[in-house]
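Chemist: Please take these sequences and the hints and turn them into a complete structure.
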Amino acid sequence: MKWDRARATRERTELPSSGRWIWHLLYRFGLVGVFLLLVIVFSLIRPGSFATLENLRVILAQYASLSLIALGLMLPLIAQRFDLSAAYMATLSGLVSVGLQSYAHWSFWAAILVALAICGCVGMVNGVLIAFGKLNSLVVTLGMGSILFGASELYSAGTTIFSGIQPGFFQIGRANVLGVQLPVIYAGIAALIIWYVLKYRPAGRQLYAIGGSESAARLVGVRIERLIVVSFVCSAFLAGAGGVVEAARVGSANPTDLQYLLLPAFTAAFLSATVFRPGQYNVWGTVFAVYLVGTGETGMFILGVNSFYAQVFDGFVLLLAIGLAEVTRRTIGRLE
Amino acid sequence: MGERGQNERDMVKAQPMPETPHKPASPALQVIDAYKRFGATHALSGVSITVTAGSVHALLGANGSGKSTLIRALAGFHTLDSGKVLLYGAEVNKGERLRFVHQDLALIPTLSVADNLALVRGYARGRLGSINWGREQQVAQRQLQQVWLYNIDPRTQISELSPVNRTLVAIARALDSIEPQSNVLVLDEPTARLPQSESSRLIGVLKELRQRGLPILYVTHRLDELNQFADFVTVLRDGHVVFTGPWSATSPRELQRLITDTSGQREHVAAISPQAEDRNRVTGSSEGTSEQGPPALEVRNVSAKRIRNVSISVKAGELLGITGIVGSGRSELGRVIYGVQAYNEGNIWINGQLMPRPQTLARFSQHVGYVAQDRTESLLAGLTVEDNTTIASLGKLTSWYGVGQRRLRAAAQTAIRDFNILPPDPTKNVNLLSGGNQQKIAIARWLSIDLSLLILDEPTQSIDVGTKAELMTVIALQCKKAGLAVLWLESDVQELVKYADRILVMDAGRITAEFTNPPFLAQDIVKAIFNTTEQEG
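Those protein sequence lines, which keep their order, are chains A and B. Note that the numbering used here numbers the first sequence so that position 108 is 108, with each residue one more than the last. When you read off a place in the second sequence, starting at 1, and then add 1000, the result is the number in the numbering used here.
Hints were generated in silico from the structure; no laboratory data involved. Heads up, the beta-carbon is just placed ideally off N, CA and C, and yes, glycines get one too. Some hints here could point you the wrong way.
[Unchecked claim] Not everything, but these chain A residues come out facing chain B in the computed CB check (under 10 Å):
1. G33
2. I189
3. A191
4. K199
5. Y200
6. R205
7. Q206
8. A209
9. S213
10. A217
11. R249
12. G251
13. G279
Modeler: Structural data, given as structure tokens:
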């Protein structure tokens, strides 16, 4: 058809020709390249301790809880809302699950249930204040985070809880299934479920719609407030699960360790928008970014580098990834 | 919302509309005595409109006449202070039966076409209720075909589509499962972003819908479209209905008079007629002031993403118009010249100075101004009229102690007066102004500083007849008075011939025709545009 300018549109969705192909590859998988680079470098420097199966299993299990937290806060993030209380939620949840066993001698199932129930309530409060109260998410979750932190300190009296924990609880965090540790399986299941909902359920699509244009989403009848509340409940719930898993894995809980996970969790979520589906936060990107960070940190640990460099590393990876994503995006834009 | 439970897990068909026998006209949509006030502004005063089944009812009015308020009230964003809205005799609640295509389309830019369509229609579901993307593709494609979009991949992200195609997608979305007997389609300026070649496509689709009995309420500025198309027309002015009746009972001239004939606010605008003699009166001698020195703009052999080997030049004081069908590369050319888009070959001189390349730094410092096609790119949303009109001239208004508040206010007032911006309140949030007034502001800010070149990309879209004339007159005057060179990218050929000194035709990234001797005949230009396309086959 003479008027077929839509041809141009169609062309864009087909694979680009020759040289541009490289840039498109870089655009979608650049982060994978960075990851491989790290693995290779560390393997070469410490083949004996880094490049082992045991190390792989350790890394997988160690960062499972970070995966859960990152996946959780990715959900409100898709809708352009920030959950800054996630790390403190994980902290309190871990403490409650352990504390109820240690102080009150509850069965660990009941303890876990109560911990997660608290998370649900906190998420609900966050969600209602932000969605219906129309309050700024940064401010609300910051405040809530403070409350959770204070509650954690009070509940544990500032100490580490490690006695009186039932063996069944340790099993939850340390048992193997076919050689794969349970925390990894939990994270995997969570990732699969979230991926499924975001891709194959209208609710997931509607969440992206809210993030894309809230006014347009409202006009087409998306129940914005409800979805935002749900996203915050899920975020709190997943953060809580992360806290419980971590407590089960290490066998104790304290009010301060997990709070440092907030930044890496957000780093992972932001990084997800630079890989696989650039421009959109996505599940596998988040998981991948978590393990990118985990690999780097573990590698440095094995090298004996001061652990504070881990923070530097996290920031560095973030800048690198964002920069790479932008450069490739612009180059592609120029070439087309 | 968005889930049609009654459809089985298999199918959500994009239902084609049933044929209906021709019925005697019955009122489909009735607005009875609507009143709406915003503070001291009476947006609607006793407005009554009746849209009959199977007809196209045009709603006309200048900016600020109440059109947008009425549409927004129908859509449920405002509640009327008093008055009723009846749909087929029954009172309307937040209607799904009123289908809207708003001015800003309300599409989600980061999602695909398929997602956008499915959010309203309901996703095609498969096993366990999960979305069946394969079927979703098919359904979406069928929906797109209804608006003659045969070659758009539903997976395309909205942000990658041209404004034309975005509008058509928005219409396809509104047409989903439409039932001519119990729905009304309301379109708010759908062709504002479409060049005339594409709008005839749209009108064809709408005519087909009318034939099936669907009532259509059609808000527009383009009187010429209505000739082929409108059955009834209502004109609003200052919140009142000044005319309502069949199209045959009036004429474009008459309507123009009704729309623009105000109670004294626009006396200083002469009725500009498109005759050649009058044209010269407005723009000075047809020779123009011949300038010594380098041309304001010189472009040689420039190639970019959608531009192939283009060479143009614009003298100081010259109003150069460039037209062509959509996708011809006009907008790209404008952006490349202004410096916000990169180009790979060729050279650009501004006032004789060679521009370094590649450079994506807006050429503001070279005294070049730019008004984008998309209004949202020009406006500082959320800021006041004053902020928006003075943003480009802050340098001029600054003294040693900073920006002088009084000078700022005075500059804003001048702009408001010169361009007749309504409401004339410099502290008003620019979001609250009508589209046409927003456009005036986007242009006004440039004309208050000393420019050598101004690039205008579709400046008169979604502006009513009277305002169009005002704006272009002011711009044309500035050309002659201040020696401003203007590069005017425009799809409305009728407007071009009235004001341009020279006209170029672009097609597929190349300059294919040039018209140098005014007065121009619109037919010649239109023929040139279409001729090239036909050769292309």
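Chemist: Give a verdict on every hint.
Modeler: Taking the hints in turn, this is what the structure says about them:
1. G33: violated, 25 Å
2. I189: This hint is violated: I189 of chain A lies away from chain B, its Cβ roughly 17 Å from the closest one there, beyond 10 Å.
3. A191: violated, 17 Å
4. K199: holds, 7 Å
5. Y200: holds, 4 Å
6. R205: holds, 6 Å
7. Q206: Status holds, d = 7 Å.
8. A209: holds, 5 Å
9. S213: Since chain B brings a Cβ to about 5 Å from S213 of chain A, closer than 10 Å, the hint holds.
10. A217: OK, holds: A217 of chain A within 10 Å of chain B, min 6 Å.
11. R249: This interface hint is violated because 33 Å lies over the 10 Å limit.
12. G251: violated, 39 Å
13. G279: OK, holds: G279 of chain A within 10 Å of chain B, min 7 Å.
Violated hints, listed in ascending order, are 1, 2, 3, 11 and 12; each of the other numbered hints is respected by the structure.
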